Amino acid sequence: MAKHVREPDYSKLSIAQRIALVEDIWDSIAKDARALPLTDDLRAELDRRWAEHERDPSSAIPWEQIKKELLEHDE
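Heads up: the sequence shown begins at 1 in the working numbering, then just goes up one per residue.
I should point out that these hints are in silico values taken from the structure, not numbers from a laboratory. Mixed in with the good hints, there may be bad ones.
Straight-line Cα separation of at most 30 angstroms, BS3-like style, residue types lysine-lysine; simulated pairs [unchecked claim]:
hint, residue 1, residue 2
1, Lys12, Lys31
2, Lys67, Lys3
3, Lys31, Lys67
4, Lys68, Lys31
5, Lys67, Lys12
Okay, the calculated beta carbon distance ranges per label pair [to be verified]:
hint, residue 1, residue 2, range
6, His4, Glu54, 48 to 58 angstroms
7, Ala60, Lys3, 37 to 47 angstroms
8, Arg34, Trp63, 32 to 42 angstroms
9, Gln65, Arg18, 10 to 20 angstroms
10, Pro62, Ile29, 12 to 22 angstroms
11, Ser59, Ala16, 42 to 52 angstroms
12, Arg34, Lys12, 14 to 24 angstroms
13, Glu69, Trp26, 38 to 48 angstroms
14, Pro62, Ile25, 19 to 29 angstroms
15, Arg18, Asp47, 36 to 46 angstroms
16, Leu46, His4, 33 to 43 angstroms
17, Ile25, Ser58, 41 to 51 angstroms
18, Ser28, Ile66, 19 to 29 angstroms
Here the structure is a predicted model, which means the values were calculated and not measured. Glycine included, each C-beta is placed from N, C-alpha and C at the ideal position.
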């Protein structure tokens, strides 16, 4: 008989802790990124976004700025 594994209640973590957790998970996925297939649709979307960024680089918001604003909101 399989044991029931309870899902963690992430809402008990602060936003800063949840962001750190997501970053850790994302980093672990990035290590194996080559194993993920890049579909034609995804490639087209990436190309579209890159072209948009090249047209107006100032429209991008750096991750560090987003992270800082999220962490300030949690305090």
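A quick look at each hint next to the structure:
1. For the given pair, Lys12 sits about 28 angstroms from Lys31 by alpha-carbon distance, which is consistent with the 30 angstroms threshold.
2. For a cut-off of 30 angstroms, the pair hint linking Lys67 to Lys3 is broken: about 37 angstroms separates their Cα positions.
3. The hinted pair formed by Lys31 and Lys67 meets the criterion: a straight-line CA distance of about 22 angstroms does not exceed 30 angstroms.
4. Between Lys68 and Lys31, the direct Cα distance comes to roughly 25 angstroms. Compliance with the 30 angstroms bound is thereby established for this hinted pair.
5. At most 30 angstroms may separate the alpha-carbon atoms for a hinted pair to count; Lys67 and Lys12 meet this at roughly 19 angstroms.
6. Remark: the range hint 48 to 58 angstroms for His4 to Glu54 is upheld by a beta-carbon distance near 50 angstroms.
7. The hint said 37 to 47 angstroms for the Cβ distance between Ala60 and Lys3, and at roughly 46 angstroms that hint holds.
8. The hint said 32 to 42 angstroms for the Cβ distance between Arg34 and Trp63, and at roughly 22 angstroms that hint is violated.
9. In this structure, Gln65 and Arg18 meet the distance hint of 10 to 20 angstroms, their C-beta atoms being roughly 18 angstroms apart.
10. Between Pro62 and Ile29 the Cβ separation comes to about 21 angstroms, which falls inside the hinted range of 12 to 22 angstroms.
11. At roughly 27 angstroms, the beta carbons of Ser59 and Ala16 sit outside the given window of 42 to 52 angstroms.
12. A hinted range of 14 to 24 angstroms is violated for the C-beta pair Arg34 and Lys12, which are about 35 angstroms apart.
13. Judged by the Cβ atoms, the range 38 to 48 angstroms given for Glu69 and Trp26 is violated: they are separated by roughly 18 angstroms.
14. Under the hint 19 to 29 angstroms, the C-beta atoms of Pro62 and Ile25, about 21 angstroms apart, fit the expected range.
15. In this structure, Arg18 and Asp47 break the distance hint of 36 to 46 angstroms, their C-beta atoms being roughly 31 angstroms apart.
16. For the pair Leu46 and His4, the supplied restraint of 33 to 43 angstroms holds, since their beta-carbon distance comes to about 40 angstroms.
17. Checked against the hint of 41 to 51 angstroms, the C-beta distance between Ile25 and Ser58 comes to roughly 30 angstroms, which is inconsistent with it.
18. Range check, Ser28 to Ile66: Cβ separation about 21 angstroms, and the 19 to 29 angstroms hint holds.
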